[in-house]
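Chemist: Turn these sequences into a full structure, and let the hints steer you where they fit.
Each chain, written out:
2 protein chains.
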Amino acid sequence: MEKIIKFSNAATHFYFDSSIKQLSKIADKKSLVIITDENIFKAHTAKFKGCNVIALKPGEAYKVQATVDEVIDTLIKMEADRKTVLVGVGGGVITDLTGYIASVYMRGLRFGFVPTSILALVDASIGGKNGIDVDRYKNLVGVIRQPSFILHDISLLQSLPQSEWENGFAEIIKHACIKDAAMFRQLQKESITSYQEDSRKLSDLIRRNALIKTRVVQKDEFEKGERRLLNLGHTLGHALEKEYELMHGQAVAIGTTYACHISEKITGFAQTEDVVALLEQYHLPTYASFNKQKVFNSLKMDKKREQKEMNFVLLDKIGKGVVKAIPMKQLEKIISRL
Amino acid sequence: MEKIIKFSNAATHFYFDSSIKQLSKIADKKSLVIITDENIFKAHTAKFKGCNVIALKPGEAYKVQATVDEVIDTLIKMEADRKTVLVGVGGGVITDLTGYIASVYMRGLRFGFVPTSILALVDASIGGKNGIDVDRYKNLVGVIRQPSFILHDISLLQSLPQSEWENGFAEIIKHACIKDAAMFRQLQKESITSYQEDSRKLSDLIRRNALIKTRVVQKDEFEKGERRLLNLGHTLGHALEKEYELMHGQAVAIGTTYACHISEKITGFAQTEDVVALLEQYHLPTYASFNKQKVFNSLKMDKKREQKEMNFVLLDKIGKGVVKAIPMKQLEKIISRL
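These protein sequence lines map, in sequence, to chains Z and X. The first sequence finishes on residue 338 if you use the UniProt record's numbering, and the numbering steps up by one all the way, no holes. The second sequence finishes on residue 338 if you use the UniProt record's numbering, and the numbering steps up by one all the way, no holes.
A few of these clues could be false.
To be verified - With a straight-line cut-off of 20 Å between C-alpha atoms, the simulated EDC-like cross-links for lysine to aspartate or glutamate are:
| hint | chain 1 | residue 1 | chain 2 | residue 2 |
| --- | --- | --- | --- | --- |
| 1 | X | LYS300 | X | GLU332 |
| 2 | Z | LYS83 | X | GLU226 |
| 3 | X | LYS294 | Z | GLU79 |
| 4 | X | LYS300 | Z | ASP81 |
| 5 | Z | LYS242 | X | GLU79 |
| 6 | X | LYS30 | Z | GLU309 |
| 7 | X | LYS308 | Z | ASP81 |
| 8 | X | LYS308 | Z | ASP28 |
| 9 | Z | LYS63 | X | ASP69 |
| 10 | Z | LYS300 | X | ASP73 |
| 11 | X | LYS189 | X | ASP204 |
| 12 | X | LYS242 | Z | ASP81 |
| 13 | Z | LYS308 | X | ASP81 |
I should point out that these hints are in silico values taken from the structure, not numbers from a laboratory. Quantities reported herein were computed from a predicted structural model and do not represent experimental measurements.
Modeler: Now the structure itself:
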């Protein structure tokens, strides 16, 4: 005898052009526990006054189970309960960790993000993917759960190093490539400096990108189709990131460059030069020499691999990404010839 | 500026009166990874022939992060990917662990359960709560995620020790108390032996209980109201379990007994003697002397505590449970006088 039982859902509240001071209006200050890293805490100490703060060591190396265990112990000591709201104030490492810890502590606390990097504002904070790395495998463990809120406070970008600006623009250019040809043209007319000098222009760009990502995720929360487009440049990018010392945005930029070349072969894409030129305009790397076999082996453990073939994101034209299943053997051949 | 974005869901397939052999019809055998414990594996080795099996050390002591880490390492070595289906074959410890690991590995694999104890059949396998213990805190970490399927194979109960039968009947009696007066009367006429001797009677009882729990969970997956009824006897029960060496069912039986007495004071419940007699008929403990202060302190960390008060499940009458918020101070007083 069989029986099917149905279940579940959630909503994210966006506060654009806001200020971290508004947190106390979102939840009772006593219920809030802020998770951030030591760099952000030092750069903005005054903004955290009167808050419960857990400041972690900065960097991807700490996006691991040991940090999760540590934070959980601290939450137990703080007597955090189901009314506690965790707020991740930081870049992607902090938002990934905060979302994951909030998703598993007492089977799920409310949580929100205040992203402090371009990358986190336009990408990492959105979409509910969270989690940790295991050994060499990025994001191998995690859950998909939407934050209750995302609050943008552009003033926090003042402490952001230049390399992190470039890092963030890799995802912005990716969004333009897969979804927004008009934004691609706008980016061609601007530069990192011109955005840094005009906070209105910058916050419009950030909001536009946050909404591109949000719309894609909303159509396909659990990544069965549309959402895979966001992986442009990431399949190869993640493999490169594992094997070489690269920032995420650099790896994605290189991955995007090669995805353009693979697209030429499979979809007939003809605008590789424009994409490469734009990446370079934003100080991002494009062509790189790498150990093809090593990188291919790394790909094999990618979460996007489905047994004998891999879903790879390609471009039809600028503004239109497509997902193609490429047999692993064909992919190995293409990569070896890049 | 504010914006609200909506998301999500899931379904559980029940296979009642089935056989573990049917697993190969649910998913390709190569994609299945069975998680079980060494006792079950030894007792039913032939049934696992040709399957990928991870056999864990048995017992609640292993329902911890270290076991999760270990299984994740094994899954990586097995090259488990998103098409892998994890199947927990075991009691509550195994189903809790399997559901949790499947929920976080690669941000979520499909998973199902083959419960091998009465407790797991009527309770632990149902409802999507899964997770692990942290230090002294039971189920402190976990997520709520529904299994894709639950398959009942009553033949697996042949290896179940007698104490585990009693353990399971504590939850069956709990269901009768909160939801089903007719089943309460049926239980009064039967015994563990009479169910053991009549597999039709037993499987009807198991299905009836699985459906009681399922209906309650379906109405309130994330435990905001109705689902709390299932905690009858559990608030005190969990505290007792932490402080003393008790099986879960024994702790729940004692917890239920005292919940009846607390109900007398708050709802005017008048059938404590009937409940106590039924628990004893199924060889379950009822009254126990315990350190009231120690148990109360343990309660304070219970997930059901919401700051200054605690949601406590009481009985109006047999077949009708109710949830009352009791201030922590009043609760401390009541417990000290039990």
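Chemist: A separate judgement is required for each hint: does it hold in the structure or not?
Modeler: Structure-based check of each hint:
For a cut-off of 20 Å, the pair hint linking X/LYS300 to X/GLU332 stands: about 10 Å separates their Cα positions. With a C-alpha separation of about 19 Å, the suggested pair Z/LYS83 and X/GLU226 falls inside the 20 Å cut-off, and the hint holds. Distance check on the hinted pair: X/LYS294 and Z/GLU79 sit about 17 Å apart at the alpha-carbon level, within 20 Å; holds. For the hint linking X/LYS300 to Z/ASP81, the alpha-carbon distance of about 10 Å falls within 20 Å, and the restraint holds.
Annotation: proposed proximity of Z/LYS242 to X/GLU79 holds, straight-line Cα distance about 18 Å (limit 20 Å). About 17 Å separates the Cα atoms of X/LYS30 and Z/GLU309, which keeps this hinted pair within 20 Å; it holds. Taking the CA atoms of X/LYS308 and Z/ASP81, the gap is near 11 Å; set against the 20 Å cutoff, the hint holds. Of the pairs offered as hints, the one joining X/LYS308 and Z/ASP28 holds, with about 15 Å between alpha carbons and a cut-off of 20 Å not exceeded.
Of the pairs offered as hints, the one joining Z/LYS63 and X/ASP69 holds, with about 15 Å between alpha carbons and a cut-off of 20 Å not exceeded. Straight-line distance between C-alpha atoms of Z/LYS300 and X/ASP73 comes to about 16 Å, which keeps the hinted pair within the 20 Å bound. Note on X/LYS189 and X/ASP204: the hinted pairing holds, with a Cα-Cα distance of about 15 Å set against a maximum of 20 Å. For the suggested pair X/LYS242 and Z/ASP81, the alpha carbons sit about 19 Å apart, so the restraint of at most 20 Å is met.
Under the criterion of a C-alpha separation no larger than 20 Å, the hint pairing Z/LYS308 with X/ASP81 is consistent with the structure, at around 11 Å.
Checked against the numbered hints listed earlier, the structure breaks none of them; every hint is satisfied.
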